[in-house]
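A.B. asks: Could you fit the two chains together into a complex? Lean on the hints.
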Amino acid sequence: MNLLQIDDLSLSIHGSDILKQISLSIEPGEIVAVTGESGSGKSMTALAVMQLLPHGAVAEGTIRLEGQDLLNRPEDEMCALRGASIGMVFQEPMTALNPVKTVGDQVMETILVHKAMPRAQARERAQEVLRRVGLPADRFPLSRFPHELSGGQRQRVVIAMAIALRPKLLIADEPTTALDVTTQAQILDLLKGLVREFGMGLLMITHDLAVVADMADQIVVMRHGEVVESGATNHLLRNMQHPYTRMLFEASGHQVTLPASVKPHPLLEVTNVVRDYRQPRKRLFEAPGHYRAVNNVSFTLNRGERLGLVGESGCGKSTLTRAILGLEDVQGGDIRLDGQPVFSGHSPDLAVRRKMQVVFQDPYGSFNPRHRVARLITEPFHLLETPPTGSGRQDRIAEMLSAVGLSPDDAGKYIHEFSGGQRQRIAIARALIIRPELILFDEAVSALDVSVRAQILDLLAELCAAYDLTYLFISHDLSVVRTITDRVMVMQAGQIVEQGATEQVFSEPRHPYTRTLIEAAPTLPDIGENVA
Amino acid sequence: MLRYALKRLISLLVSLAVASAVIFAVIEVAPGDPASFMLGVNAQEDTLAALRAELGLDVSKVQRYFDWVGGMLAGDFGTSYTYRTPVSQMISDRLWVSLPLALYALTLSTLIAFPAGIYAAARRGKAGDLTVMGATQLGIAVPNFWFAMMLVLVFAINLRWFNAGGFAGWDKGFWTGLHSLTLPAIALALPQAAILARVMRSSLLDILGEDFMRTARAKGLSRRQALWRHGVRNALIPVLTIIGLQFSFLLAGSIIIEQVFYLPGLGRLVFQAISARDLIVVESVVMLLVFAVITVNFLVDLAYAAVDPRLRSRT
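So the protein lines, in turn, are chains W and V.
At position 331 of the first sequence (counting the first as 1) the number is 315 in our numbering, and the numbers step up by one without a gap.
One rule links them: number in our numbering = place in the second sequence (from 1) + 7.
Honestly, the hints are just simulated from the structure, not real lab data.
Just so you know, even glycine gets a beta-carbon here, dropped at the ideal spot from N, CA and C.
Treat the hints with caution; some may be incorrect.
[What the hints assert, rightly or not] Below, a sample of chain V positions facing chain W; criterion: calculated Cβ distance under 10 Å:
| no. | residue |
| --- | --- |
| 1 | Ala148 |
| 2 | Pro150 |
| 3 | Trp153 |
| 4 | Asp218 |
| 5 | Arg221 |
| 6 | Gly227 |
| 7 | Leu228 |
| 8 | Val314 |
[Unchecked claim] Computed far set for chain V versus chain W, every beta-carbon distance over 12 Å:
| no. | residue |
| --- | --- |
| 9 | Tyr126 |
| 10 | Gly173 |
| 11 | Met220 |
If we strip away everything but chain V, and leave its shape as in the complex, we get (with noise of 0.2 Å):
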């Protein structure tokens, strides 16, 4: 198992040393002047002369690739073009509501995708599986942003529950902060949780088919014993895999949820920064994600392994 985690370790860190060049390459030694592409047509010679030299354009690419690095491993991202504040000040700003944000919603979408799903698969094909797909079919069809506003409209206008939007902050202390996500989260998670289920209805069921589901049922474990001593361990690694994906999307792709409640999110941050044509801040926030993409799917390896045994003695 060691042996297991340290080689998915070191994959992790070539896949984020290949990730960083390709980003690199991709933004800034891509033809075309960076300074230019950020000041627009209309810029003066001389404020592009001055970007240039902020921007460290004078040395060579190598240099700049391997300064670029060194500064992301000590904690200094550049400063922001647009607001001439650091970047890594905003990007941690955004990741305390994002970060939370995601892990809440994908909280939820799994409490409720479980259960859901595996109620579904043992119920195949009678009226509370029907129901349950017919549910599931509907979280995936509706928008989110049009559920999130339908939220907006019971929780918030109406029944005052919760505000309609923004983001109280953590120094309020915890509750208060997780109680302004929750609106947020609900909207996001449920066409996740649809998804979700649907994978673990499936998955449950071809493990149902196997041969030592009739084995566990001849040593004489009941339906229900069956299916959650040896059923929903078997079924979880496709599962584990959608939930890798989704958290790389609740992370980022929040943005129209983000919009909707007026979150100071990474997503609007991202938004912001490509309107702006702020190369540092959006080379910064995409090296930031695809670092917390190849995490989780790390993560997510270690979870494979730990569910299964197979994988541990394969390597």
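So here's chain W without its partners, still in its complex pose (with noise of 0.2 Å):
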């Protein structure tokens, strides 16, 4: 008997079908993957097998769990069963714990929520469960609160929530996604090596194939609310027989051709910059502690160049960013763009800072949704001194749309109506308007669906060989940074530790943190000639 067994379950939210006679199975100690892009009702699946459904959810088909049906349950029956039998792991680790408990009490409370073992007991076991995950009492006692750990450990002690019962059936929803490389490498030898330990089924939601390769036995392939294919992890991976799958797989390691770049000119010249924060003071009449956020990075950015800064979070690389585009004042050294300074005395100067732009991560959250395209993508007119008017400035408007393969019709439209990929375009527009010399991309592809990063990163090539662009791209992603950049720097700790020709970087690394990171980053099987 199948620990759990989904026979075509379908789901509605208010009317609108969500899922479509989804089917699949999982045996005890099985990891099963479920993998598609946003909006393939992976995630209601699992919400689906908890019953944690949204409001106005109506479900059909039948979800069984040794043999006992789910769907039909009361809910006192399925609160008996959720952390007991079946526990669940979430994306984000920053906001899973509730931040006013302690995590011991957070972790001991699936146990006496279940009434599983006197509080003395609980309390024992809670220790050995976060023992289990990493945490070990001795280094982080019960005690501490949530916003004490960072989000790996987070991410732990939701894992020790959700298995101290020993549950028959973990679910984990996208659990590394919020993660770092190494961070993420950890975390999944953790469930790995739980599934094994315990013999526990793996329902695991993901939407990088990467991720899953080479830790799944089954991958289901989800579109639209469908299974569109489904099968062993090897199997599926050698014959593809869906488009989408197929499609998935290319776009996961999608690489794109960029045009040779001009002979060296510097044009952006960082010397020695120093980023220090304040922290405040321990004591009344202490000095205050400092926290360098980036300390003594040096490099230059030649003209056509394009150049990647990789680190994980918290190494400072956004820090820098900020710093080029003056939006940071920095504690010693120099930014030079085109020769002249960034800042003149504290302030940045509006004759340099006119000649950089900006793509930021999150296609949602920079723009203004009361504005038109038209107003959105023009706003860095108000840089220049003569910012172009009339017909002008509407072939400018036009010409960038299409620039980024959007229509020129699109400038009367509020930014609600794109999508994450449309809107990524009309930021690049933005940035493009006003030809700068550089332009910096703030994990700009980071927050979009594979198929959609593929198409915004061969809008990228377009582009370089158009305007002959250069740009600093800033990621945590070093498959996307190895295919978009010629030239590498890898950053920790606010250092740079190593920099060089992308691909020598990549596949020659000098710097064990780089080697570090390069070996934590999931990849795909190379499986190059059955893909067709």
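C.D. replies: This is the structure we're talking about:
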């Protein structure tokens, strides 16, 4: 008998169909990955198993856990199952824990709410599972609050809560998406280890094929609420039948060809830049401490060059970006664009500033929702002394929208009428409209689905050819940086530990940290010729 | 936590010092002669001179400020010009009415608002929620003096459960005193409860949408358990802010209710002192109210830290 058996599961929320005839099964000790892009219904499938569907959801079909129907269980019986027989781990470890309760209390709660054992014993069990997930009590006492832990440590706590009662089935919904690559590798190892040790079934929801390729026994590919293909991982990846699966696979490792860059001529020169943050003083009459976010960073970006900057969260790459843009004052060193310092005194020099534009990560948060596209993309015009007006302005808007693959008619629309990928195109049009010398891409494709990401990368390659772009591409995603840059810098704890030609750094990393990063990054199996 | 409390305490003392200087400056140092203001335009020159001497206007301003602050610290608030009695005595008499009334009203409003807000949030969009929301709408809209008069009409005049007005005093026993404050407390509490219930509801609804509430459900907590164990405490921060503001308002802002129930409270004292241009009383009462507001804010800050561990470690 299968541990989990889902047959013909259909789901609608307020009348709109979310899932159509989903079927999948998990055996004890097996890892089944459900993958697909946003809106494919993969998370809803997980929530349907937990019976934690949003208000107004109607489900049909059957979901059986060890032969027992879950769909028509009364709520109090489901409460008894959740946490005890089915554990769940969520995507966002920063918000998945109650900020006002200690981690010990939160892990113990799983045990106590099911009245599985008396309090003292529950405490021991909590300590034991926290040790098992890598948070031993001597270094991480139960009295810690969530805000005293890092993202990876919090995700370990969430996992500890989910496995405290040794559930038969563990559901993990994008458990590593919010984490850095090295942390991701550790959490994936932990999950694999737990499955082996306890013989649990693991239902893993992820958008990242590479994450599941070397971990899952079975893969289920979903699109628009339907299962398009499923099967044993190796078999499925080698004999992809459905075009969508092939597209996903291709897009995940999408490669672009950049035009050759012109002969070196320095554009951006960063010399010994230091950025210190003052920390709150610990005592009343004590000198406040400092945190050095950027430590003595120097590099040169040549005109026409595409430079990458990689590193994990907190390494200082965003601070460095803001300093280059003149958004943050630096405590030491010099940033020059085209030979001119970005700062004059403590404020950015407008004449230099107008030669730079930036594209941010979040395609949803970086536009004013009350402005039309024409106004949004012409915003950088205020940097110019004589911005184009009248038909000149209209022509520029039309040209830019066409350049990023949109229609000139889109100028009259509002931002909510566009998808995430289209918004990122608009953000690129906005950056490009004053023909800046330098564009900074700050995690510009990280929030996008793989297929959309592939399109945006293609667009960047096209724009490089058409406009001779010079850019600094900041990302935590190594595979993207590898294809979209000529040269790359690796940043760790505020310092640049390695830089060099992209291909060379990736194929022969010299610094141990670079090697760690590259090894931790999940990769798709190389099955080249079978993928047509 | 101790360091946090100490920091808040220092900030409380600094606020008090600044506030006392501002009040003194506005009332006494501002252009114009306090004595002629108090006595009016037709005052005799010798009466003015006598009052100036009595107010101590003949010494330097800095000297006067320190005399005033020093006096207050020693419990001497000066002598009321109109009533010729020590201001400290007048204030303490009134405070024994206003402070218990404010606390009573605040307790009632909290006791009504918490269950109502939590109930409404737990039944969002359903009949129970709509009923509570409708009732709070009414509670905010109806002026409290009208509501006070209705209370008098029903419970004092018709049912004769309470006196229509006046304060029995505490010397006849705690319950007698409390009894005579009940109708005014209810009249004060209901509009405040309506506001507080709405704040509680919306704050809790925000929390119910948080990821950790879903985590709690995934652990096997029922909707109700998750609400009580993880929701309520997180929802308290904005509610505490409103409670702090409401207490400050109740302490001095209940002048209309004091008038309706004929209570000798602080609100009426300020009103009378302003009408009589008794600057000494006004100054002292204003300082006292500032003290009360700052102290309440201090207590609210401590309550924040008790509720939210992140505040304890941030400083």
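A.B. asks: Run every hint past the structure and note whether it holds.
C.D. replies: Comparing the hints with the structure gives:
| no. | hint | result |
| --- | --- | --- |
| 1 | Ala148 | 30 Å, violated |
| 2 | Pro150 | 38 Å, violated |
| 3 | Trp153 | 40 Å, violated |
| 4 | Asp218 | 4 Å, holds |
| 5 | Arg221 | 7 Å, holds |
| 6 | Gly227 | 3 Å, holds |
| 7 | Leu228 | 6 Å, holds |
| 8 | Val314 | 7 Å, holds |
| 9 | Tyr126 | 18 Å, holds |
| 10 | Gly173 | 46 Å, holds |
| 11 | Met220 | 8 Å, violated |
Hints 1, 2, 3, 11 from the list above are not met by this structure, while the remaining hints are.
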